[in-house]
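Q: Using the hints, position chain C against chain U.
Those sequence lines, one after another, are chains U and C.
Counted from 1, the first sequence has number 1 at position 1 by this note's numbering; the numbering is strictly sequential.
Counted from 1, the second sequence has number 340 at position 340 by this note's numbering; the numbering is strictly sequential.
All the pointers check out, no bait thrown in.
Derived EDC-like pairs: lysine to aspartate or glutamate, alpha-carbon spacing no greater than 20 Å straight-line:
1. U:Lys-2 with U:Asp-153
2. U:Lys-14 with C:Asp-314
3. U:Lys-139 with U:Glu-94
4. U:Lys-136 with U:Glu-171
5. C:Lys-408 with U:Glu-11
6. C:Lys-7 with U:Glu-71
7. U:Lys-108 with C:Glu-19
It is worth saying that the hints were derived from the structure and are not from the lab.
Since this is a predicted model, take the numbers as computed values, not measurements.
What follows is each chain in one-letter form.
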Amino acid sequence: MKVQVKNLHKEFGKTVAVDNISFEFDSGHVFGFVGPNGAGKTTTMRIISTIEEPTSGDVLLNGVSVCEEPELARRVVGYVPDTLPAHADITVHEYLDFFARAYGLRGKKRTQAVEAIEEFTNVIGIREKHLKALSKGMKQRVSLGRALVYDPDVLVLDEPAAGLDPRARVELRELLMLLAERKKAILISSHILTELTEICNGVVIIERGKILETGTIEEVLKKSTPRRTVAVKLLASELHQNTALLKQLLETPHVENARDVANEIHFELTGDESAACDILDSLVAKKFRVTEFRQTKQNLEDIFMNVTKGGVQ
Amino acid sequence: MTATIGKIKAHFLNWRAWEFNPIVIKELRQGVRSWTVTGMLMLFLVVLFLTSLAFLIGQSFDVNENMQLGGSMFSSFVVILAGASVFFIPLYMGVRVAAERQENNPDLLYVSTLSPTRIIFGKFLCGAYIALLFFSACMPFMAFTNLLRGVDLPTVFFILAFLFLVVCATNMIAIFLACLPMSRPFKFLFIIAGFFQSFGIIASLIGSSYMFMRSGVGAMMAGRDFWIGVVTFVGLGLAITGLFFVLAVALISPPSANRARPVRLYITAIWLLGFLLCFNWVLKTGDAGRMVAWQFPTFIVMMLALLVTISNADLLSLRVRRTIPQSKLKQMFAFVFYNGAAGGLLWVGGMLAITFLASSVVQLFFIKTTVPTGEEKDWFTTTAAYAFAYALTALLIHRKWLSRRPPKIAGLLAVLLAAAWAVLPSVFLFFVNKLSWNSVEGLQLGNVFNLFTLREDSQRTLHLLFASSWFFVILILNTPWFFRQLRNFQPPIRVTAENSPPVLK
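Okay, chain U solo, but in the shape it has when bound:
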């Protein structure tokens, strides 16, 4: 399943919510959709899920246009909104069964599908509980179950981890990784960017309706931070040497922006791998007792802070 967002544009009156954006993702991949509040993430996701119609542009789900054939597109896309199910007087099982019926599943096929989803989302123990009595985490599972009950190939999740406790977040992450293994194409938006880094293969960063960065996590990292940040740590008993080390590094070629960060010295390396080796050699030669010399790992949060300006429409 290939999801292609093509020149998508959406206006609400004079407000441009989504400004001519294009990206694509594939089955078996989790694609992160990142941006500040009001960036246009939810609107894009609602268009992909056929809830909204774009002003111009289109979204193709394996060639099926969400504008031309929304009824057909709805059958292949499962949408988990940021609001949780709040129906009164209905149990978890009845809720899932209703959506299975609504999507045309009949007889035994429906029973099996609902049971399989209850097992997959681990809601069997609460299937007879009323929806209103569930915790936020459990509601999120039910919401995910609802989106999966008719086995869509594309899953669009809008802030699924918002308000969940750490355990529920870990469980949700595991579920999503399992779904990716089952060859679902997943688009997920979240504010908890460190988590997205762990599960996403690719990312789109959006602000004011425009795409700022897109690609695999590695590509985006490379693009947003052309210079690598290196951390140097001295032996614990020699931390008093940090000032001397800082001074030394500032005089070394290919080193920029050296600074003390929590008893470590961080600097930006402007050269290649051999330049890094030369720097380490020079430090050892100057009798600095180095215990760590490593490249710091940047995550999505750093990229997000680098590329966005916090603007909303």
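A: Just chain C now, with coordinates in the frame of chain U:
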């Protein structure tokens, strides 16, 4: 055509695989679990039981034989049943739909693969099932009254069927109101208005029931007039229920859909059927005045349609534009059945014009006995001219000065314009201390309500002249916009290999 017949045939052959509408199952499951329905049903049964007990104990103290005890008990049960079903069931269904259907965040069932028609039909059926539950609970009590004399069994079942149809119609109206895109306070106001309106419905239901009881349905059933009355009532009920059904479906359809088409097609079909029935009535009685039974409801519906029409946006969504026919001739017909103020105005105008024309032609050939003069025709024409003048002026103001505001502002402006023109002269006269009954009943050109309070009939002609002149001036001012809309009513140009831009390498 063959494919459609094949589809229908396959559907009926495959009847073993038929399943209930998912909405009905969901709603009934919720209904069963809800304390509201269970509690109301229990209370209903307790009231029925206590009422029966009170009647029977009361009778046991009476030494005289009461040959009307069954009738008296039945009347009380009708009041209880009408009260419970007309108040409770529409309120319950309306609140359920409104809770799911929020203005900015509709429930996902509205964006599932279920069509809006199935969703609304499911809600309607669920209301009918709940009504059936209440009626089933009441039926043994009512049938029992037959044994106590004073009411015959046909009357019992006829009144139950009559009441059931009314409950279904009110249920549909409640669902429609719940689907209206309004905030909660407004919906709450509607609930209050509906509550008071229910008293009127219940009162007329009880009145009709008494009438049937007195005459005895069993005795009336042999007469042809009785069945004509029944068919007319059922037909009217179905037409009204159907109208609210298509309106509710249009309301929950996505904004990008062509919401106008099913509604306008339905109204046109009912309007045509109404004409045929009314004309048949005129033929039978020879009285052209009977046409008013078709003319008046058409006028009311068209006035409401005019208000909704001018609140439509000019731009058609891509999804709608893709369904515009390619043929120019088909486009002309399709124009009036698509979203957009221009097409809607043409449809309303056309419907009203044909209605007046048809009524006038009928009056040429048949004698008019029920209404003595041609005043009512002038009244229709003048009011219609005023309505169009207000509507077109509101559209013009919206387009010229408030184009950044949503299109529904145009509808609001039209109402405000009519209201302001009616109120401001009186307010002015009040402040100059000249407000009197004479001034209210005197000529106030531009005030449509003044038509109803005029003392001198001759002044109606002045109103007609003023309204027509205003209408024609504002029509001319709107003509460029109208033709622009007509020109823009085209299917989008599809990018094909032949007309796609060249690929640069």
